[in-house]
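Protein chains in written order, with our numbering: chain A, 1 to 390; chain B, 1 to 390.
There may be inaccurate statements among the hints.
Put simply, identical chains are the same to the list, so a pair is met inside one copy or across any two.
Straight-line Cα separation of at most 20 angstroms, DMTMM-like style, residue types lysine to aspartate or glutamate; simulated pairs [said to hold, decoys possible]:
no. : residue 1 : residue 2
1   : Lys314    : Glu160
2   : Lys387    : Glu160
3   : Lys61     : Asp50
4   : Lys12     : Asp171
5   : Lys12     : Asp172
6   : Lys184    : Asp215
7   : Lys28     : Asp171
8   : Lys184    : Asp117
9   : Lys28     : Glu131
Quick caveat, the hints were computed from the structure, so don't treat them as lab data.
Number of protein chains: 2
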Amino acid sequence: MLGNFVYSNPTKLYFGEDSKKHLAEALKGYGNNVLLTYGGGSIKRNGIYDDVMSVLSESGKKVVELPGVMPNPTLEKVMEGVKAVRENGIDFILAVGGGSTIDYSKAVAAAANYEGDAWQTFWVEQKDPSEDAKILPIGAVLTMAGTGSEMNGGSVITNEPIKMKIGKVFDDRLMPKFAILNPKYTFSVPRNQMVAGIFDTMSHIMEQYFSGDDDSTSDYLSEGLMRSLIASSRVAVKDPENYEARSNIMWSATWALNTLIGEGKTQDWMVHMIGHAISAFTHATHGMTLAGVSIAYYRLVMKYGIHRFARFAKVVWDITPEGKTEGQLANAGIDALAAWIKEIGAASDISSLGVTEDMIEGIANATIDLPGGYHHLTHDEIVSVLKNSL
Amino acid sequence: MLGNFVYSNPTKLYFGEDSKKHLAEALKGYGNNVLLTYGGGSIKRNGIYDDVMSVLSESGKKVVELPGVMPNPTLEKVMEGVKAVRENGIDFILAVGGGSTIDYSKAVAAAANYEGDAWQTFWVEQKDPSEDAKILPIGAVLTMAGTGSEMNGGSVITNEPIKMKIGKVFDDRLMPKFAILNPKYTFSVPRNQMVAGIFDTMSHIMEQYFSGDDDSTSDYLSEGLMRSLIASSRVAVKDPENYEARSNIMWSATWALNTLIGEGKTQDWMVHMIGHAISAFTHATHGMTLAGVSIAYYRLVMKYGIHRFARFAKVVWDITPEGKTEGQLANAGIDALAAWIKEIGAASDISSLGVTEDMIEGIANATIDLPGGYHHLTHDEIVSVLKNSL
Chain A
1 MLGNFVYSNP
11 TKLYFGEDSK
21 KHLAEALKGY
31 GNNVLLTYGG
41 GSIKRNGIYD
51 DVMSVLSESG
61 KKVVELPGVM
71 PNPTLEKVME
81 GVKAVRENGI
91 DFILAVGGGS
101 TIDYSKAVAA
111 AANYEGDAWQ
121 TFWVEQKDPS
131 EDAKILPIGA
141 VLTMAGTGSE
151 MNGGSVITNE
161 PIKMKIGKVF
171 DDRLMPKFAI
181 LNPKYTFSVP
191 RNQMVAGIFD
201 TMSHIMEQYF
211 SGDDDSTSDY
221 LSEGLMRSLI
231 ASSRVAVKDP
241 ENYEARSNIM
251 WSATWALNTL
261 IGEGKTQDWM
271 VHMIGHAISA
281 FTHATHGMTL
291 AGVSIAYYRL
301 VMKYGIHRFA
311 RFAKVVWDIT
321 PEGKTEGQLA
331 NAGIDALAAW
341 IKEIGAASDI
351 SSLGVTEDMI
361 EGIANATIDL
371 PGGYHHLTHD
381 EIVSVLKNSL
Chain B
1 MLGNFVYSNP
11 TKLYFGEDSK
21 KHLAEALKGY
31 GNNVLLTYGG
41 GSIKRNGIYD
51 DVMSVLSESG
61 KKVVELPGVM
71 PNPTLEKVME
81 GVKAVRENGI
91 DFILAVGGGS
101 TIDYSKAVAA
111 AANYEGDAWQ
121 TFWVEQKDPS
131 EDAKILPIGA
141 VLTMAGTGSE
151 MNGGSVITNE
161 PIKMKIGKVF
171 DDRLMPKFAI
181 LNPKYTFSVP
191 RNQMVAGIFD
201 TMSHIMEQYF
211 SGDDDSTSDY
221 LSEGLMRSLI
231 ASSRVAVKDP
241 ENYEARSNIM
251 WSATWALNTL
261 IGEGKTQDWM
271 VHMIGHAISA
281 FTHATHGMTL
291 AGVSIAYYRL
301 VMKYGIHRFA
311 RFAKVVWDIT
321 PEGKTEGQLA
331 NAGIDALAAW
341 IKEIGAASDI
351 SSLGVTEDMI
361 EGIANATIDL
371 PGGYHHLTHD
381 EIVSVLKNSL
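Same shape as in the complex, but just chain A (with noise of 0.2 angstroms):
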C-alpha cells in the first residue's frame, strides 16, 4: 500500500433473498417524485417491476417511467432523461436493472441541473460537477451482475454519431444512495449475459490486478475474489439457478469495481479501452469484448510484469510452481485464464463478436490511449492485440 489515497463509498447494501423487504425503508427520506429507469422490459416478464411498483406505491412516490435504456447506453438516451427530469421535478432516479442502467442514471443525475455540455465536460474532459453543483440522489434494484455499478460512481456513456464510448468515474456524489441486491433477481438473465457478467467482473479485478510492483494488500484481496469468482462460475454455468454460486458471483462483482481492490495502486485498463472501442463499432456485449482480446493482450504485456503473472498463475490456479521457470509459470496461468474463458463460455476471440479485419484500425484508432499497467501499448501494439484476437 504504497500510495495516498482517501476511500469514501457511503453505499448501503441490501444483500440477499429477501433484500427487496428493504426498498421501503431505503427509498425514505428522498422526495415523492421518482424517475423510473430500466431496460427492455425484461423486468416486467420476471416479475421485479411488479415489486417495485408496488413499494413505489405503496410508499406514495409519484413514478414517471422511463423504459428503453439499451445496453450500451447513449448520450442522445441521456438528454431524453434530462428532459423527463426537468419537465416532471423528479427528485430521486430508481434504476431497475443492470450496469447500463444504473450507469444511465448516473449520467441523468450528473447533467439533469447541468446548464453546459454534459458530454464535454464530464466524458471528454472527465471534469466533476462544481462542489455546489444540485445532483439528484438515485438507488439501484440490481438484477444482472458484472459492472460494479451499484456501488461506485462511474458511468460509461456512448456517443453514437461519433462512435465515442468513454467512461466517467464520478465522485462520491454520484454513488447510489443505496442499492437492493437480490441474487434470485439476476436468475432469468440470459446465460450469455450472465457470463459476459462474470467475465467483466474478471477483467475489472485483472485490470487492478495487473500493475504495480510492491507488495500491496489490495493485491492479495483481489487473489481472494478471483478464487471465489471462478469457483462459483463454474458453478454457475451448470447450474445457473444455484443460488450460493450467484450470490457469490453477485456480491465479487459489487466489490471487484467499487475502489477497494484498487486503493494504493496504479492500474492498467487497456482491455476495458479496447473492449470499448471494439462495441462502438459493434454493439457486441461489453464483457464478451473483454474476453475476446484478454488473452491476446495479457500474452503481450507478460514480459513485462512477469512476476506479478507467475504469482497469478500460482495463487489464482493453483498452478504448482515446481519444474516451471518463472515464465512458464506465468504463461502458465493465461493458459488457464484461456481454458476457463472456454469453459464457462465466454468470448475467446471477438470475430464471433462482429469484428472484421477492416474495423481493426478503427477500433485501434477510438482506443483511448492509456498509460497501462505494465506495458504502455504503441499503436501498432493496439492493432497486433486486436489481429491476435480475430
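Mind docking chain B on chain A? Use the hints.
Chain B in isolation, oriented as in the chain A frame:
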C-alpha cells in the same frame, strides 16, 4: 453468501503518509467544541499531538482535552468523558490513539445524551440507542493498528468493580465519520504493542473465517487478508520502520473488522470472549491474550470444522496437501499458526501474561458464553482451553 444482510459503512478513510493533510478538511462541517481524547501521553512525545493541535487551532476549534484513556477503558473513565461533554457543550469527539481510545470515544458519544444506565442498556443488554437518540459524531486519528475500531461500531468497555469486559457493536451512527490512517504514526508503537495488534487482526479474521460450511466470497477475502498480514508481519518484526509492511498491516487491520469479511456468515468469537475475561483478571494486552489461547482453542474445535481447517492450511499457509490425510493437513495449519506466533513474538501461553492456575475457574466463569463457530464450548471445555494454554 447464504445469509441476508445490510452492509453500510460510511466512514471516510484518509490513508497514507500524507493523510494528516486532510484533517482540516475532514473536520469541516462538524461543530466548534471538540473533545480531544487520547491515552498516556505518547502522542506528545512522537509529535502527533502537535500535528493535531495545530490543525484544530487553525480550524478555529475550541478544544477540551481528555487524556488518560487506558488500554482497557473503564466504565468509570467513560462517565468522566460524559461529564466533560455535558459541562462543555461538546459537538464532536476526536480520538487520537489506538482502538482503546476510539472504543472509548464511541462509548462517551453513545452515553453522553443518554439518561438511563448506559452500561446496563448498551453493554449488558446489548441494546442500540433509540432511533431519535442524539449521538455525538466522532472522528479518529489512528496511531496503532489492530482493533479495526476506526471503521466499525465496536466499543469494548471494562466494568472494573465487577471484572466484566464486554464488547458492544453499535450501528453505523456510532462509526467514526472519518479516520486518518497514517502508517508512519504507528512507527513509534512499542514492538510488543505492534505484535499484539498484528495478532488481534489475525484473530479477527480467523474468528469470522472459522465458521460456516457454505462457499462464501467472504472466506476468500479473509484468506487474502490473512496472506497479506502474515507476509507483512514477517517484514515488520525484522524492520519495524518498513513503510510498505506497516501500511499493509494498518489497512488489513481496518478491513479485518469493518463487517466486510463477516457478511452473510455465522461467526465464532470465543477466542475474544476468553481473551476479554483474561484481560479483566490480569490487565494483559488484548492481542496477546488472544494469541495465548488460540492454539489450544483451535486444537479443540478443529475436528468439528475439519474441512475449513484443512483449507486454512492449504490456502493461507501454502502447505501441500499431497500425502496428508485431511486431519494431518488441518493439524499442519495449526502448527504453522503456532510457529508464526513464536516467530513474530506474540504470546505462546497465558502464564507469561500473568495467569495462574487459581485464576482459571474465575476466568472461565467470566467468559461470555457464545455459540461458537463449529462447536459450542461447555464450561469444562473453556477450563480445558485455559489449562492447556498455561
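Results for each hint:
1. Taking the shortest alpha-carbon separations for Lys314 and Glu160, neither the intra-copy value of 43 angstroms nor the inter-copy value of 51 angstroms comes in at or below 20 angstroms.
2. For the identical chains of this complex, Lys387 and Glu160 are neighbours neither inside a copy (24 angstroms) nor across copies (73 angstroms), given an alpha-carbon limit of 20 angstroms.
3. Taking CA atoms no more than 20 angstroms apart as the test, Lys61 paired with Asp50 passes inside one copy only; the shortest distance there is 15 angstroms, against 52 angstroms between copies.
4. Within a single copy, Lys12 and Asp171 get their C-alpha atoms as close as 16 angstroms, and across copies as close as 13 angstroms, so both meet the 20 angstroms cut-off.
5. When the C-alpha separation of Lys12 and Asp172 is checked against a cutoff of 20 angstroms, the pair qualifies both within a copy, at 12 angstroms, and between copies, at 11 angstroms.
6. Proximity of Lys184 to Asp215 under the C-alpha cut-off of 20 angstroms is restricted to the inter-copy arrangement: shortest distance 17 angstroms between copies versus 38 angstroms within a copy.
7. Taking CA atoms no more than 20 angstroms apart as the test, Lys28 paired with Asp171 passes between copies only; the shortest distance there is 18 angstroms, against 23 angstroms inside one copy.
8. In the homo-oligomer, the alpha carbons of Lys184 and Asp117 never lie at most 20 angstroms apart, since the shortest distance is 39 angstroms inside one protomer and 44 angstroms across protomers.
9. Within a single copy, Lys28 and Glu131 get their C-alpha atoms only as close as 25 angstroms, which misses the 20 angstroms cut-off; across copies the closest is 14 angstroms, which meets it.
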